[in-house]
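Q: Could you slot chain B onto chain A? The hints should help.
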Amino acid sequence: MPTLRSLGPILVAAALYAGLAALVTNSYYQLTLTLVLVWAIFGLSWNLLSGYTGLVSFGHAAFFGLGAYTTALGQIYLGLSPWLLIPAGAVVGGLAGLIVGIPTFRLRGHYFALAMLAYPLAMLYVFEWLGFQEVTLPIKRDAPFAYMQFSDPRLYTLVALVMLLAVVLITRAIEGSRFGMALLAIKQNEAAAEAAGINTLAWKLRAIALSGAIAGAVGAFYAVVLLVVTPPSVFGMLVSAQALTVSMFGGVGTVWGPLIGAAVLIPVSEILHAELGARIPGIQGVIFGLAIMAVILLAPEGVYWRVRDRLRQRRAAAPVPEAPPAAVEAGVVPFAAPARPSRARRRTGEVLLSVRGLSKSFGGLKAVQNVSFDVHEGMILGIIGPNGAGKTTLFNLLNGFLRPDAGQVIVAGRDRVGAMPHELARAGIGRTFQVMRPFLRMSVRDNVRVGAYLRAGSEDEARRLADAAVEQVGLSAVADRIAGQLTTKELRLMELARALAGQPRLLLLDETLAGLGHGEADEVVAVIRRLAEGGITIVIIEHTMQAMVRLVDHFLVLDHGAVLVDGEPEQVTRDPQVIEAYLGKKWVAHAHA
Amino acid sequence: MAQVVENMLQALAAGLLAGAIYGLMCVGLGLIFGVMRVINFAQGDVMMLGMYAAYYLFLSFGVQAVFGSVFGPYVAILLSGPLLFAFGYLIHRFLISRVTGARTTRLEGEGHFAQLILTLGVALVLQNGGLIVFGSVLASIRTPLSSSAWEIGPLWGEDVAVFVNKARGIAALISVAAMIVLSAVITRSRLGKALRASADNPEAATYMGIDIDRSHRIAFGLGSAITAVAGGLLATNYPFHPYIGIDYVIVMYAGVVLGGLGSITGAFWGGMTIGLVQQLSTLILPTQLQNAAIFAVFLLIVFFRPQGFFGRMVERT
Chain A
1 MPTLRSLGPI LVAAALYAGL AALVTNSYYQ LTLTLVLVWA IFGLSWNLLS
51 GYTGLVSFGH AAFFGLGAYT TALGQIYLGL SPWLLIPAGA VVGGLAGLIV
101 GIPTFRLRGH YFALAMLAYP LAMLYVFEWL GFQEVTLPIK RDAPFAYMQF
151 SDPRLYTLVA LVMLLAVVLI TRAIEGSRFG MALLAIKQNE AAAEAAGINT
201 LAWKLRAIAL SGAIAGAVGA FYAVVLLVVT PPSVFGMLVS AQALTVSMFG
251 GVGTVWGPLI GAAVLIPVSE ILHAELGARI PGIQGVIFGL AIMAVILLAP
301 EGVYWRVRDR LRQRRAAAPV PEAPPAAVEA GVVPFAAPAR PSRARRRTGE
351 VLLSVRGLSK SFGGLKAVQN VSFDVHEGMI LGIIGPNGAG KTTLFNLLNG
401 FLRPDAGQVI VAGRDRVGAM PHELARAGIG RTFQVMRPFL RMSVRDNVRV
451 GAYLRAGSED EARRLADAAV EQVGLSAVAD RIAGQLTTKE LRLMELARAL
501 AGQPRLLLLD ETLAGLGHGE ADEVVAVIRR LAEGGITIVI IEHTMQAMVR
551 LVDHFLVLDH GAVLVDGEPE QVTRDPQVIE AYLGKKWVAH AHA
Chain B
1 MAQVVENMLQ ALAAGLLAGA IYGLMCVGLG LIFGVMRVIN FAQGDVMMLG
51 MYAAYYLFLS FGVQAVFGSV FGPYVAILLS GPLLFAFGYL IHRFLISRVT
101 GARTTRLEGE GHFAQLILTL GVALVLQNGG LIVFGSVLAS IRTPLSSSAW
151 EIGPLWGEDV AVFVNKARGI AALISVAAMI VLSAVITRSR LGKALRASAD
201 NPEAATYMGI DIDRSHRIAF GLGSAITAVA GGLLATNYPF HPYIGIDYVI
251 VMYAGVVLGG LGSITGAFWG GMTIGLVQQL STLILPTQLQ NAAIFAVFLL
301 IVFFRPQGFF GRMVERT
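Protein chains in written order, with the UniProt record's numbering: chain A, 1 to 593; chain B, 1 to 317.
For reference, chain A alone in the conformation it holds in the complex:
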């Protein structure tokens, strides 16, 4: 939750702004002061969705316009007051957000951006066709205050300032909470977020509903201020661009971005419009276009981040990340004698995961064919196989990223085929990734916290679970560092901690040892072994046997998507088929010699 202290700068800025507004008597400048706030709110609305989730919306005018028409039509046909219609605009905008979000979130990247562009432009034509080319709000001379028709334009600025403060508070509250963390996690890596137990669709829908509600409310207020609503002025491309411009200019993903952007760009363009608009129509659009281009070319991260990074650099030279360790030479001596500690539990535990006849094809490629195996509670199962053997595909089938063509994945007695990754995470399956998926801009602690929300009921509990997981993997010393500054080994351990924070019963580790030097691999192996001793069941993928023979209780060897051998480590390392798959035929005789 935002503390009073962290709100200090915002409250001071608001007070100064109110003071400035009180001094301005020129009604045009007063209007500009109101519009700065309007576009700042609209920018914050856009930022809430696109800034935090990274899904760029080119269609926020849809929500803005619906809000504006809610006020205009509600006042004309129902005689309602804007005091009621602005909240109504928020409801309409929020519902529109949900209606747009449900189908559109199936799309990603380019397709999402393009689809969002189409909504407001389609509405523009529909509203023109409905005959609302130019709607004027009726003047209510008898009850100006009840209809928000103030004779003193300073009151509009005041109303807008209150709305802005409310939106800033909402944004700040979200930023530090599970909601904000979920959105940031989605932005940085949606698949990792889903695997960490975040129901990404649900959070995105909440974000777009809230974002749409804010846009609807501010659109409704905009109509009250300008008194005239036309489809191009509220659904037009320039409106959506406005939200994007002020946010991009100021910096996305922070509450300050849209505020800075609006405070700089709106007065500039309004003054240009006032001074030159009559002689040079369109100058406003040109300035906006140039501003967008300049920002992208010169400071693509926006003013806020640029300034902040500068200040940080000045304050302390950034710690130099250690050089990534050299990669292990792959599979040269895979057949060293097994030297693992003898442990009591082998196949005594209950069957936690049972895979039956699992198959998956991509076109003609049979990535996984009829794979069956059991994982007993408390064991460490190693899945090995050459590159392209279908190991990662198998994991993707197990944790719900892919849906198998045939077969069953039975977790604790229940077939979970078709469940979403976050549901499986909830059922106790955690995983890490071959290609690491850290949230680079977040601290180690926060990275791990994302995983903890799976089990945590409150922010405090999430923090506690995260700290415990960080300690379990031995990263407490670097817990406050940004993930981008970690070494490969530390990142591997952090991913492990993120999975652990969700309190899994079964951990799927995808090439956790890849890219680590000998000593480093040993450290990670020690951590994994400790986890197993602590009662977590582990399935680990590697393509080399080297480190694995010392770690696992049981091996499953995959080749061309099918199970080649299933057995104890000693037995597997001597199996001619395995040697052949790894080294080729000529080594088979050699190995037996």
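It is possible that part of the hints are untrue.
The calculated label-pair distances, taken between Cβ atoms and stated as ranges, are [claimed, not checked]:
#, chain 1, residue 1, chain 2, residue 2, range
1, B, N7, A, L297, 50 to 56 Å
2, B, R305, A, R306, 39 to 45 Å
3, A, L201, B, V137, 46 to 52 Å
Every beta carbon over 12 Å from chain B, so not counted as near; a handful from chain A, in silico [as the list claims (entries may be wrong)]:
#, residue
4, L84
5, L98
6, E128
7, P281
8, G349
9, K366
10, A406
11, G428
12, G534
13, V565
14, T573
Footprint (simulated), chain B over chain A, 3 or more residues, beta carbon under 8 Å [stated by the list, open to error]:
#, segment
15, 110-117
16, 233-247
17, 291-303
Rather than coming from a laboratory, the hints here were simulated on the basis of the structure.
Remember, predicted model here, so these are calculated numbers, not experimental data.
Using N, Cα and C, we set each Cβ at its ideal position, and we do this for glycine too.
A: Just chain B, lined up with the frame of chain A:
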């Protein structure tokens, strides 16, 4: 009954004629997207520039005087091609290239947004700059052909006849011819091979000695020129203004997505389909909703078949 049939045939003819021009327009955008994977929001405004380029070449630069008012417009339109090629080439050289290519591969998702937003900025400058330079008065390239028509028929007994506006017919024929020439260039020529190699696998193309940045510049220039020519052809039938681009950018994206992002011939057929949808929708919908119908079709395509009808899936999750 005869009236219904005639209306349908007339709408079909109008759809085919508009579709051929839309198809060419889409090919320009499809080429840029196919080679560079850049979504260019300014494409509609490049088309607008093409319209004005043809307009001024025709009226002010003597093309009308030399070639007369029947052939003149088409000469001016073809001349606008090289002009807009240079424009696109330079825009890429000085703006787009700074946010694409090797530098942005590290940025993953955010790199794409930089491109999208940069082209949005270019679009705003062109639209509003166009307003400043050209004014808001509707312009049109007048040709005597646009007020005469060929009559096809009578077809069904004596009652049904279809009229084909001569200017639109010729514009459609030129579009199809341009498309055929372009296909030949892309599939046969050395340049076309370099473009396709750059699109398929930029890294491998580099090893083969292909200058990717040059391919991208040429693709951007060529894509701009093609769309501009299509715009000029459209301008012989429809009046235009500096803000016309936004109406067509969606038409173009709908066509390109329909054809499958990355497929050039797909883009042409996609544009053709959009033309048909637009014109046939007038049979059942009010004219003002023509464009809303396009958006609806566009959204349906994006939702149900994002890989398009003619292309393959190019974006993976």
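Q: Of the hints given before, which are not true for this structure?
A: 6, 7
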